[in-house]
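Number of protein chains: 2
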Amino acid sequence: MAKSLEYLTEALRRLPGVGPKSAQRMAFHLLQHDREGAAMLSRALYQAVESVNHCALCNTFTEAEVCDMCADEARDRRLLCVVETPADQVMIEQTLTYKGLYFVLMGRLSPLDGIGPKDIHLEKLLARAADGVVGEVVLATNFTNEGEATAHYISEMLKARGLAVSRLARGVPVGGELEYVDAGTIARAMLDRRST
Amino acid sequence: MAKSLEYLTEALRRLPGVGPKSAQRMAFHLLQHDREGAAMLSRALYQAVESVNHCALCNTFTEAEVCDMCADEARDRRLLCVVETPADQVMIEQTLTYKGLYFVLMGRLSPLDGIGPKDIHLEKLLARAADGVVGEVVLATNFTNEGEATAHYISEMLKARGLAVSRLARGVPVGGELEYVDAGTIARAMLDRRST
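Chains A and B supply the protein sequences, listed in that same order. Residue 1 is where the first sequence starts when you use the UniProt record's numbering, and the numbers rise one by one after that. Residue 1 is where the second sequence starts when you use the UniProt record's numbering, and the numbers rise one by one after that.
Errors might be hidden in some of the hints.
If chains are identical, the list can't say which one is meant, so a pair holds when it fits in one copy or spans any two.
[Said to hold, decoys possible] Straight-line alpha carbon distances no greater than 27 angstroms define the calculated DSSO-like cross-link-like pairs of lysine-lysine that follow:
id, residue 1, residue 2
1, K99, K3
2, K3, K124
3, K99, K159
4, K159, K21
5, K21, K99
6, K3, K159
7, K124, K159
Don't read these hints as lab results, they were simulated from the structure.
Build the full structure now, drawing on both the sequences and the hints.
This is the structure:
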C-alpha cells in the first residue's frame, strides 16, 4: 500500500473508537470520494490544535483568554455548575433551567486510570469557587460511580471552605415506568420524595 | 463553543460512520488528551491528499505512476484479478493463493446510487485486460447483489473481446455447519459440487 496511505490509516486510529478496519475504510473513503473533506479536516485539526486553549475561569475550550459564556454579563455569577465535559455543559444549557456559570473539569476522578485531583483541575475550581461572588456550587457530574465519587470529593473540599454545595436531584426519569426502572433509582426516589 | 472546535467537529463528520455525537467526542478527546495525535492526523491527511493518486495500470492508490505490485517482475502477468477495493486486494494477498496482478475498481456498479460503468473505471480495465499478455481475468467482486451484477457486467464485456473470464468459487465456507448455512449457499454448493 502507498506509504502516505499507511501513515494516514495509522493516524486515523488515534481517534477514539476507531480500529484498524474503520481506519482503513475512512482513509479509502476520503481519498476515493471526499478529498475536499480530507483537506478540510486537515486544516480544521491544525487550526484547532493551534488556537484552542482553556478558559481562565471555567476551564472549557476557548480561543480567547475567557470564554464567551464566562464573559457574558447576563449570567448569574452567584451560581457555579460543575460538569465533567463541555458536552455535559451543552446538555444542561439545552434545558434552559440554569442561568449561572460553569466549571468544566475535563474529566472525572478515576484512580484506576490514574486520574487524580490534579488531572481534573480542582485547584483551579477551588480558586474559582472562592472568588467571593459564587454563593452556591451545583455539582452536575455524571451519576456513575466515578462521577459520584468526584462529586463527593469536590463537595467535601468546598464545604471545608464554607461554600454551599448542591447536587442534581436523582429520581425516576421523565417518562419512566416503575416496572422498568432499576431498584436503586426507585429507592433513591423514595428516600428523596417531595411533598406535593 | 470555540469556533475552531465547531469547525473541527463539523469536519470530523465527513468521516464515514461518524455522527454528531461521535464527532464531538473525537474533537474533545483530541484537544484534551491527544494534541500530538491531532497534529499527526492533520499532517497525514494533507500528505495523503497531496501525494496519493491512482496506479496507471491497476487503478489502486499509489504515490508513484505505477504501484509496487504492478511493477513487481515476480508476479504472473497472465492473470488479472478484479476486486472492488484495495481492502479486498489485501484480503486475497493474505491467502497466498494468487500470484497474478490486480485491477481495483474502487467501487461496484450500483444504479440506485447512480454508480455506472464509468464510475468504476471499466474503460481502463478493458484497456488493461486487452494488453495481449493477460490470459485470464479472475472476477473477485463481492458476492452481494451489486458485486454479482458488477461481475456479470464485466464478464459480458470482456468475453465479447474474446478474453477468458473466471469467478471465485461459491460454496459452503470453511468451518461452516450445514444447519446454519443459508439455503442459497447450499444450493450453489450442490450445483457446483466437485468430484474428489
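Index of numbered hints that the structure contradicts, given in increasing order: Result: hints 4, 6 break, sorted rising.
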